[in-house]
Every structure is written in structure tokens, then in C-alpha cells.
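**Q** Chain by chain, the residues:
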Amino acid sequence: MKPGAILMDNVSLAYRLYHDRAVTLRETMLNVFNRSTKTEMFTALDGVSFDVEPGEALAIIGANGAGKSTTLKLLAGIYEPSSGIAETGGRIASLLDLGVGFHPDLTGEENLMLNGSLIGLDRNTMKDLIPEIADFAELTRFMDTPVKYYSDGMFMRLGFSLATAVDPDVLLIDEVLAVGDARFQEKCYERIWSFRKKGKTIIFVSHDMNAVAKLCTRAVLLNDGRIQMDGEVEAVLSEYLEGVRSKHDAAAVSPKEWGTREVWFDSVTLRNVSGTPSRIFQKGEKIIVDAVIKTRLSGTVDGVVFGFSLHRPDGETIIGTNNLEMNEPLLKVSESTEASIEIMLDVEEPGSYILGLALTDPPAHKDYHWQEFFYPVTLLDARIDPPLRLSDVTWKQC
Amino acid sequence: MSNWDFGRLRLLMESLVSKDLKVRYKRSVLGFGWFLLKPLFSMIVYYFVFTRILRFGGAIPHFSLFLLTGLLPWNFFSSSLSASTSSLLDNHRLIRSIYFPRMSLPVAEVLANLIHLVLALIVLEAVLIIFGHTPGLSIILLIPALILFTVMTAGVGMLLSVGNVFYRDVKQFVEVLLLAWFYASPIIYPLDSIGVYIIESPKLLQILKFNPVAGFMEIMHSILYAGTWPAAWCWVSLSVWSVMFLTVGLAVFRKAEPVVVKEL
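Residue numbers (my numbering), protein chains in the order written: chain W, 113 to 510; chain V, 105 to 368.
Just so you know, these hints were derived from the structure itself, not from any lab. Do not rely on the hints blindly, as some may be mistaken.
Claimed, not checked - The calculated EDC-like cross-link candidates involving lysine to aspartate or glutamate, where the alpha carbons are at most 20 Å apart (straight line), are: (1) W:Lys-478 - W:Glu-374; (2) V:Lys-366 - W:Glu-199; (3) V:Lys-366 - W:Asp-158; (4) V:Lys-130 - W:Asp-217; (5) W:Lys-398 - W:Asp-458; (6) V:Lys-366 - W:Glu-152; (7) V:Lys-126 - W:Asp-256; (8) W:Lys-260 - V:Asp-124; (9) V:Lys-366 - W:Asp-336; (10) W:Lys-260 - V:Asp-194.
Here the structure is a predicted model, which means the values were calculated and not measured.
Using the sequences and the hints given, assemble the complete structure.
**A** Structural data, given as C-alpha cells:
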């Protein structure tokens with residue numbers, strides 16, 4: 113196995129799932145007579161195969177319980193597959209749970225020494241690393257304080273700093289980046305970015321689509337323990353968000369569709385300027401909504417208003433407008449008409465939003481077709497390089 | 105994970121053992137002294153019970169020293185087993201977030217207690233010499249005896265640690281087991297002619313020899329207290345039980361490990 117390479121070949125993993133679990137012998141004895149404790153095998157992963165080249169940054173996404181964390185635990189060697197092969201080459205740094213090996217009564221430094229040996233570092237290497245770890249965690253002053261006196265934030269900072277202190281070949285990250293305050297989080301991301309730049313393999317599990325899209329180039333979408341899609345990150349994220357939409361799960365902002373359907377959206381595609389269908393848009397990128405609109409009325413329907421709205425994930429409306437309001441030409445819809453909206457946004461707060469569309473005729477008090485909370489989109493903020501430009505500088509001697 | 109070579113493993117064991125020792129005596133005034141004081145206090149209790157109430161201790165000269173030579177190793181045995189029983193459960197978060205050889209957890213508990221035992225035995229030896237129990241050449245056998253007994257304790261500890269993950273009763277059971285085991289072991293009585301006099305049943309005495317710790321306790325008594333060469337049956341018993349418990353312990357632990365990780 114090359115350092116940094118990962119192989120998952122037809123991996124399955126089953127758990128025993130307890131219903132009303134018997135934890136004492138007595139309960140087990142009783143259950144021999146009345147079988148109230150049922151166990152069933154729960155398949156967390158089912159025939160998962162993928163491989164990762166050294167230096168790749170792979171995101172694993174999917175709903176809760178899809179098998180993301182299980183996959184990471186397999187790669188970290190914590191679980192053994194029930195069948196198949198899971199192999200990881202080289203040194204692994206796992207950020208699955210920060211600071212777990214810390215003992216509350218030991219000081220920061222004692223804990224670092226202990227945990228160093230758990231991740232396989234010899235004493236001298238660890239001694240040399242301690243000042244650096246303490247410095248990154250901003251805890252140099254607290255190294256001889258027992259960690260039970262640390263705040264949660266301090267505890268996590270030390271954990272993160274330790275886990276990433278040594279150059280690993282593979283970095284496994286599970287949703288642990290909510291470390292400390294915003295400034296420290298930024299520092300964590302920077303460190304992870306530096307690993308990325310050094311060509312280390314990164315496997316990233318997160319629900320933060322923005323972070324996933326920024327950090328990773330490739331994504332695997334898991335659904336009930338199986339791979340639903342494996343490919344370029346934006347395509348996979350689009351597929352995932354599409355799935356989230358069709359699941360109708362969030363009650364309040366679940367997609368709603370209503371109207372007379374005298375005029376209706378036959379199909380709608382969201383794409384970027386280059387024509388690729390997408391649900392993820394870079395900063396400064398146009399959102400283009402292509403719609404095929406049909407009517408069941410005979411002849412041409414005049415004066416159709418085509419509107420859209422953008423909402424926060426909780427349903428709050430941020431923008432809503434239409435061609436009538438903006439003095440743009442109204443639509444004339446005959447049997448099948450193609451229309452599009454090109455939306456250019458100034459993104460102040462990147463994140464997930466929901467797009468809604470509507471076909472109406474306000475003067476005639478007609479709602480033809482509403483698609484409310486229908487299309488989740490992710491708006492990214494770009495990392496601008498260079499972040500600073502010199503606009504003017506002068507030197508004077510007084 | 106093949107990259108756990110011997111050096112790495114040794115370092116891990118050292119760290120775990122030193123953590124154990126540090127943690128145990130944080131905020132404790134007497135600290136390590138407790139490892140001496142505990143058997144000392146129990147020795148005083150047993151001494152009074154068995155010389156003043158049951159009155160058989162009088163048959164053994166320097167009964168208190170005789171008691172200590174058995175109580176110190178017994179204390180090692182019972183502390184090691186109690187600690188290793190809960191070792192996997194206590195570290196469940198760690199086990200579920202980093203890979204490392206999990207067997208090191210119960211074994212580290214045993215080794216930490218071994219360090220205590222060795223230190224306590226040195227103090228005991230000094231006391232024995234003061235009271236005229238000068239050791240003979242047989243004292244060199246202390247080292248192989250301790251190694252074998254540690255191996256046996258580790259084997260039993262591995263079994264119990266795995267068992268406790270599946271059934272929490274194991275921890276309770278171990279307490280009761282240790283109580284019975286204590287009286288079934290030649291700690292407060294010897295297995296020789298005096299033992300026959302105390303127990304009044306040579307048959308029972310023969311049965312007690314099958315107790316896995318009987319051999320070791322008799323070895324301790326003859327090396328430290330009597331200064332004689334231990335009987336051959338003691339060595340046979342100790343070796344056989346040690347190898348057996350280690351083999352079974354290792355096999356069960358290896359087999360159960362992948363399941364244990366998921367059950368924790």
C-alpha cells in the first residue's frame with residue numbers, strides 16, 4: 113500500500129442492533145424464557161468500494177446514518193470489515209473525536225506525552241513537539257495545569273493541535289472542526305489546507321456543504337450504507353441536495369407545489385454559465401434557471417409573470433421578484449415554451465439557500481403554478497487570490 | 105495495522121503504566137504508601153482474627169510476617185483483576201476514536217500493579233531479614249515465579265475485560281469470586297502439615313492444590329518466609345495455569361476484539 117493511498121474493496125460491516133438490550137446476565141437468563149430482547153443485524157455498510165490516490169481530498173457525504181462515520185472508523189482501523197478489504201497506507205491522523213485520550217487529572221503536558229504514545233510517537237519526538245503543539249493551541253501557559261480545569265474550548269484546541277501536530281499521510285476528519293471560537297476555527301482550516309497543499313490525502317465527513325466544496329475535489333455520496341454516487345464534488349453535492357429536496361423532510365420548508373396548472377413548469381434546470389447543471393454556485397457566478405413551460409389552454413397565453421424567490425433554509429424569504437416588477441418582458445406561452453432567468457447575486461453570507469419559482473398572472477388574480485421552497489442551492493464564497501492588492505504606496509523623507 | 109512494532113508497543117505500555125501510577129496517587133497524601141498500608145492493615149485484622157478469635161495462627165511462628173508474604177501478592181492479583189475488568193469499558197471513547205492495540209489496556213493495569221508489588225516486596229524482605237527470616241539461595245526463584253504469576257494474572261484480566269463488555273455482571277461477579285478465592289488460597293494458612301492441623305482435612309488440602317494461585321502462594325511462603333526451595337508441584341501448577349490462562353486469554357481477546365469495539 114502506497115503511503116496516502118486508500119482502498120475499500122467491497123466492504124460490508126454489520127452491527128448487532130439491540131432492541132431493549134439485556135446488559136446483565138439475569139436479563140439474559142430471563143430472556144431465554146420470554147424473548148423480549150430482540151437483536152437484529154444492522155448493515156451499516158453494504159458492498160462499498162472506492163479507492164483514493166495519495167493527495168486526493170475526498171468528502172464523504174450523506175444523511176445521518178448513511179455510514180459516513182463507520183467508513184472513517186474502518187479507514188482508521190478501529191473497525192474491521194465484516195467482509196471485504198479496507199486498507200489505508202502510511203501514517204494516519206484521525207480527527208474523529210478530539211481529546212478523548214486525555215485524563216482529567218493529568219496536566220496538559222502529561223496528557224500530550226501519553227497521547228503521543230497512543231498515536232505512536234516516541235518520547236523525544238513528542239518532547240520536541242510539545243512547545244509547538246502548545247503554541248498552536250494557545251495554551252503554553254496552561255501546560256502544567258490538569259486538563260480538568262480547561263474549558264471545553266481549550267480541551268478541544270489541545271486535542272486538535274495534537275492530532276495534527278505530526279505530518280500524517282492520511283488525515284481523517286469527522287465533523288470536528290467546530291473547535292473553539294471563529295478565529296481558532298479559521299486556524300484549524302488553515303492547517304488542514306496546508307496539509308492539502310502538501311499533497312496529503314484527506315477524507316472529510318461533514319454536513320457543512322460549503323466546507324466540503326472548498327476543501328475537496330471529489331465526493332462519495334452514501335445512502336443507507338451504499339454508494340449512491342462517486343465523482344466530482346460539485347456534481348455529487350448537487351445530487352445530494354436534490355435528494356434532500358425530494359425527501360420532503362423538513363416540514364416547515366418542505367417544497368410545496370400548487371396552482372391551477374393552466375400554465376405549468378414542465379421541467380426546470382438550474383445551471384451555471386458554462387451550461388453545466390449545478391446546485392452550487394461560486395461567488396460571482398450567475399444562476400441560470402432554464403424552464404420548459406407548457407400550457408393546456410388553447411392558443412397563446414399572454415402576460416405570464418415568471419417570478420422567483422430565495423429563502424434561507426428555515427424558510428425566511430430574502431429576495432422575491434418577477435418580470436412584471438422588474439419591467440422585463442412578460443411571457444407569451446404557447447403549447448411549449450422555453451424561458452430562462454439569469455440571476456446574479458452579491459453573496460454576503462455564503463451557505464445553503466432555497467429557490468422557489470412561480471408562474472402567475474397578478475392582474476387576472478391567477479396562480480398558475482407555484483414551486484415554493486423547491487430548489488436547494490449552495491452559494492459559495494470564493495477565496496480570492498491574492499487577497500490584497502497594492503493600490504498605492506509612497507515613500508517620503510521629512 | 106502492521107505499523108505497531110515492538111518499540112512502539114513498549115512505549116505505549118510504559119506510558120499507560122506511568123499514567124496509571126500518576127493518576128492513582130494524585131491528591132493522595134500517602135500516595136504509593138497505600139500499597140504497603142493496605143496489606144498491612146488487612147494483615148493486622150487477620151492477625152487478630154486468627155490468633156485471638158479463631159486461634160490457629162498461633163501454630164505458625166511470626167504469623168504476621170507469614171500473612172504478609174501471601175497478602176502482598178494477593179493484593180496484586182485482586183487489584184489487577186478488578187482494574188483490568190473495567191479497563192475496556194472505561195476507555196470506550198478512546199477505543200472508538202483511535203486505533204491502538206486494545207490488549208494494552210488490561211495488561212497495563214496488571215503491570216502497574218506489578219510495580220507496586222515489587223516495591224512492596226523489597227520493603228517486606230527488609231522486614232523479614234530484621235526478624236531473622238534470612239532468605240536462602242532460593243530467592244533467585246522469585247523472578248521466574250513473579251513473571252509466571254504476572255502472565256497468569258494478565259491472561260485472566262484479558263478474559264474478564266472482554267466479558268465485562270458483554271455483561272456488566274462480570275464486574276460484580278469478580279468481587280464475590282475474589283472473596284471466595286482468597287479463602288480457598290493458601291494465604292492465611294499453609295498447605296503443609298500445619299495446614300492439615302488447621303483445616304483438619306488432608307483431602308480438602310489436596311483439592312486446594314488445584315487452585316490456580318495455590319502454587320504461587322506456596323512458592324512465596326517457602327522463598328520469603330521459610331527460606332526453603334519450593335516444592336516441585338508448585339512450579340508445575342503455576343506454569344500450567346499460567347500458560348493455560350494466557351493462551352485462552354489471548355485467543356478469546358483476539359477473537360472478541362472486533363466485536364467488542366462495536367459493542368462498547
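**Q** Could you run down the list of hints and mark each one as holding or not?
**A** Cross-check of the supplied hints:
A hinted pair counts as satisfied when its Cα atoms are at most 20 Å apart, and W:Lys-478 with W:Glu-374 qualifies at roughly 9 Å. At roughly 19 Å between alpha-carbon atoms, V:Lys-366 and W:Glu-199 fall within 20 Å of each other, so this suggested pair holds. The suggested pairing of V:Lys-366 with W:Asp-158 holds, with an alpha-carbon distance near 16 Å, which does not exceed 20 Å. Proximity of V:Lys-130 to W:Asp-217 is assessed by CA-CA distance (about 7 Å); at most 20 Å being required, the pair is judged to hold.
The suggested pairing of W:Lys-398 with W:Asp-458 holds, with an alpha-carbon distance near 10 Å, which does not exceed 20 Å. Taken as a hint, the V:Lys-366 and W:Glu-152 pair is honoured in the structure, with Cα atoms around 14 Å apart against an allowance of 20 Å. With a CA separation close to 14 Å, the supplied pair V:Lys-126 and W:Asp-256 stays within the 20 Å bound. For the suggested pair W:Lys-260 and V:Asp-124, the alpha carbons sit about 17 Å apart, so the restraint of at most 20 Å is met.
Simply put, V:Lys-366 and W:Asp-336 have alpha-carbon atoms about 18 Å apart, close enough for the 20 Å limit, and the pair holds. With a C-alpha separation of about 17 Å, the suggested pairing of W:Lys-260 with V:Asp-194 holds against the 20 Å cut-off.
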